[in-house]
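Asker: Taken in order, these protein sequences are the chains called A and B.
Note that our numbering has the first sequence beginning at 1, numbered continuously upward.
Note that our numbering has the second sequence beginning at 1, numbered continuously upward.
FYI, nobody ran anything at the bench for these hints, they're computed from the structure.
There's no promise every hint is true.
Just so you know, same-sequence chains aren't split out, so a pair can sit in one copy or run between any two.
In silico lysine-lysine, DSS-like type, Cα no more than 30 angstroms apart, as pairs [as the list claims (entries may be wrong)]: (1) 186 - 340; (2) 307 - 55; (3) 55 - 74; (4) 340 - 149.
2 protein chains.
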Amino acid sequence: MKIAVDAMGGDYAPDEIVKGVELARDAYPDLEFLLYGQADKVQPLLQDTTRITLKPAEEVIAMGDEPVRAVRRKKHSSIVLAATAVKEGEADAFFSAGNTGAVLTAGLLIVGRIKGIDRPGLTTTLPVLRKPDQSSFVMLDVGANADTKPFNVVQYAIMGQYYAQSVMHVAHPRIGLLNNGTEADKGDKAHRAIHDTLAGMDDIHFVGNVESRELLNGAADVVVTDGFTGNATLKAIEGTALSMLKLIKGEIMSGGLGGKLGASMLRPVFHRVRDAMDYSQYGGAVLLGLKAPVVKTHGSTKAETVKNTMGQIHELLATDSSRQMINYFTDHAEQMAALKETLK
Amino acid sequence: MKIAVDAMGGDYAPDEIVKGVELARDAYPDLEFLLYGQADKVQPLLQDTTRITLKPAEEVIAMGDEPVRAVRRKKHSSIVLAATAVKEGEADAFFSAGNTGAVLTAGLLIVGRIKGIDRPGLTTTLPVLRKPDQSSFVMLDVGANADTKPFNVVQYAIMGQYYAQSVMHVAHPRIGLLNNGTEADKGDKAHRAIHDTLAGMDDIHFVGNVESRELLNGAADVVVTDGFTGNATLKAIEGTALSMLKLIKGEIMSGGLGGKLGASMLRPVFHRVRDAMDYSQYGGAVLLGLKAPVVKTHGSTKAETVKNTMGQIHELLATDSSRQMINYFTDHAEQMAALKETLK
């Protein structure tokens, strides 16, 4: 199993990317890596080239570059060359911590969509807090598309199911539709149509509407939503978690308790809280619906997250997740075409 | 200034509602109350009838009643009679902690929309954490409409501005559009159109797109959004805040620090955190865009929240907020009609 890696993307590239790839190489004996980047920068960082091949890519797509234009013009960039390696079958998956828009664009334009899937969905794993039998859930689309049709959301349920089976090892993941109430008739016309379609599908375990209030409590294993609402919900969760952590820290410190306890005693508590909320432990965001895994981590990615993400890609490849999706959408081509007509 | 109160709505009605009205009466010498409820239940609770008139209402709309049907059929319910008092000019505002859907329906059908406003927006005040010069912001629509048009969101900016001026005492509130990025061209076609329209309006202080990640940091004083996204965002903030509080409490207690500190020392810290996040201190949710203030608090409302909410209504009445909105939409009738054509 071979992963094409953009060594130049992210705030700490190429150092931390290369370090992370070496950690992953040591952890997963069946993984090989094609490392795309500027040879003079990447070569000196490589300690041991076992199962790692350096692939020179002299251009770099910067964080601020306009995505579509950059992917079209910078043919020798690490992002374009790594994605092309997947397209041409030289690699099985594509990893980057670089320019999000460019990674998604390269995924769409170069790796390509699975036949029958109109809109790939960006998929994130988030923590479930204090529930004994569930530690995480996945949500899609969290922002690949600002303009989503009901048909796309129905497809997200199928895609999310395969993903949760591969990565979370849940045989029959509970699929929920993000809505403004749990009753079946909640939401606008589009959400009622999505709800009824999902409720009528035999091959998924649909648990109905879920509210964003209950996500961290584990209301579902897979939460499907349009990219606009998913993006707002994800960012509201992130922002509130950060703000609460700061607020509680500040209250303990300013309340005189900090002095009594000593910062050294509180530090491990806050580290554990941060770890519980840190979803980079689950790997990166995956653009589901492409012919091969395309995985993007945060710009601030360091070696440990690179390693975790390679573990996540390892699961996707070992379970042949993309092949399963391709087969599903081939086998259900007629059903999907009919759905697309009804759910415009 | 006279407020029509639904004494029967809420989990602790009528006891806590009556108690709260008496507190508010003592706190605001220029407020009078019409208290709608079942006489045999409300009468015995009233300690002092100064500026409080009991208005018998023998029917009750229950929490589980279907809103539109209940408002149409239960003509002698406290909700319908209180809203009717506002419509007929006997009272200046309507308060309830009862069935949300029924309160919104009574507001729309009985109190009535301001001429020129298509869709009233449910407006909530939320805390801003750890920012010296801003303690709260308001957001609308948080769920009155599941199906919002760009034109409605533009009107929310005007309505939110008047509200923030009256209740938050900010002369030129910063108005932000909730979007999936801060750049002007973010979002779908609808959001780009809303952005450009707001940016071109002289009579508001528009600060551009805001992301849900930055709301609790005080990115704006007034955040406008469609009712579906607003609802998902509000509930994500609520749910995450609750989950984080539980998580951190649990980590401190299980980490052995709880024992060392003693629960009695930590309790005030968590109380302060809960108070900071408790938006019932700012009063209830207001259905803005009606001819008079219609204010709804949570079902779990107790006397203190009733009192705070009467303070909020007091501000709205003292600044003649509804009249200002009515005047604005009368004066700008042509401009609004033109906007409605462009922003379908």
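Asker: If a hint holds in the structure, say so; if it doesn't, say that too.
Answerer: We went through each hint and held it up to the structure:
no.	hint	verdict
1	186 - 340	both (22 angstroms within a copy, 27 angstroms between copies)
2	307 - 55	within (20 angstroms within a copy, 69 angstroms between copies)
3	55 - 74	within (16 angstroms within a copy, 75 angstroms between copies)
4	340 - 149	both (9 angstroms within a copy, 24 angstroms between copies)
Hint check: no violations occur; every hint is consistent with the structure.
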